[in-house]
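Colleague: In terms of my numbering, the sequence shown is residues 226 to 433.
Warning: the hint list may mix true and false statements.
[Stated by the list, open to error] Here are the simulated DSSO-like cross-link-like pairs (lysine-lysine), alpha carbons at most 30 Å apart as the crow flies:
(1) K410 x K381
(2) K242 x K271
(3) K240 x K282
(4) K420 x K432
(5) K240 x K285
(6) K365 x K339
(7) K420 x K381
(8) K339 x K232
(9) K285 x K339
(10) K232 x K291
(11) K365 x K381
(12) K432 x K411
(13) K232 x K282
Everything labelled a hint here was simulated from the structure, so no lab data went into it. Owing to the predicted nature of the structure, the values given are computational and were not obtained by experimental measurement.
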Amino acid sequence: VPRLLEKMQSGVIAKSKTGGVSGTLLSLMLWSARGVYLGSPSVGQKIGYALTGFLRKKVKTQLFGKNFLYSISGGAKLNPDVARFFDMLGIEILEGYGLTETCVACNVNRYGQKRIGTVGPVLSDDIELRIAEDGEILYKGPNITQGYYGRETATKAAWDSDGWFHTGDLGEIAPDGYLSIVGRKKDIIVTSYGKNIAPEDIEALMKQ
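Can you build the whole structure from these sequences, using the hints too?
Modeller: So, in structure tokens, the structure goes:
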């Protein structure tokens with residue numbers, strides 16, 4: 226889903242640079258929406274935002290359909306800039322997180338309560354989530370599989386003696402339970418000074 230959303234964003238931006246009436250209107254729509262979204266719009270942006278309301282609705286309908294309410298993004302980390310792009314156009318994208326071993330989803334942002342850059346709180350109260358000392362995301366719950374069929378060694382490597390499933394991902398939990406994915410444990414680079422660096426954000430910039 227994140228890659229599809231990135232392509233949609235690129236398509237809208239590219240069309241706004243084509244010139245002509247449609248390109249100019251799209252450019253005005255993006256410029257004014259960005260100003261309003263950031264909270265300090267100029268007078269021109271306020272006027273442009275009011276005039277291009279119909280166009281924001283049209284873009285939303287063309288990309289997602291007339292009955293669209295929201296989309297859940299998963300499978301890979303969603304670039305926060307992409308999330309903000311759709312948010313400023315009034316398009317609700319909710320990022321979630323889970324693995325095959327967790328029966329897909331463990332966390333997801335809720336409609337009207339999303340926090341960009343996070344994958345939201347756990348889906349239900351019976352899903353236990355904690356962060357290990359090394360920053361790894363751990364889970365317990367009725368949605369977590371008991372192990373890998375016929376693979377005892379792999380099962381012991383992923384489940385500790387207390388029954389916690391080790392995801393291999395690194396995360397941080399806000400006081401209100403919103404989970405942020407920092408990177409992959411195996412990808413961490415340790416500098417000569419002992420500092421841990423997750424290259425995921427650098428990779429995202431390179432991809433852009």
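Colleague: Tell me the hint numbers this structure goes against, listed in increasing order.
Modeller: Of the numbered hints, all hold.
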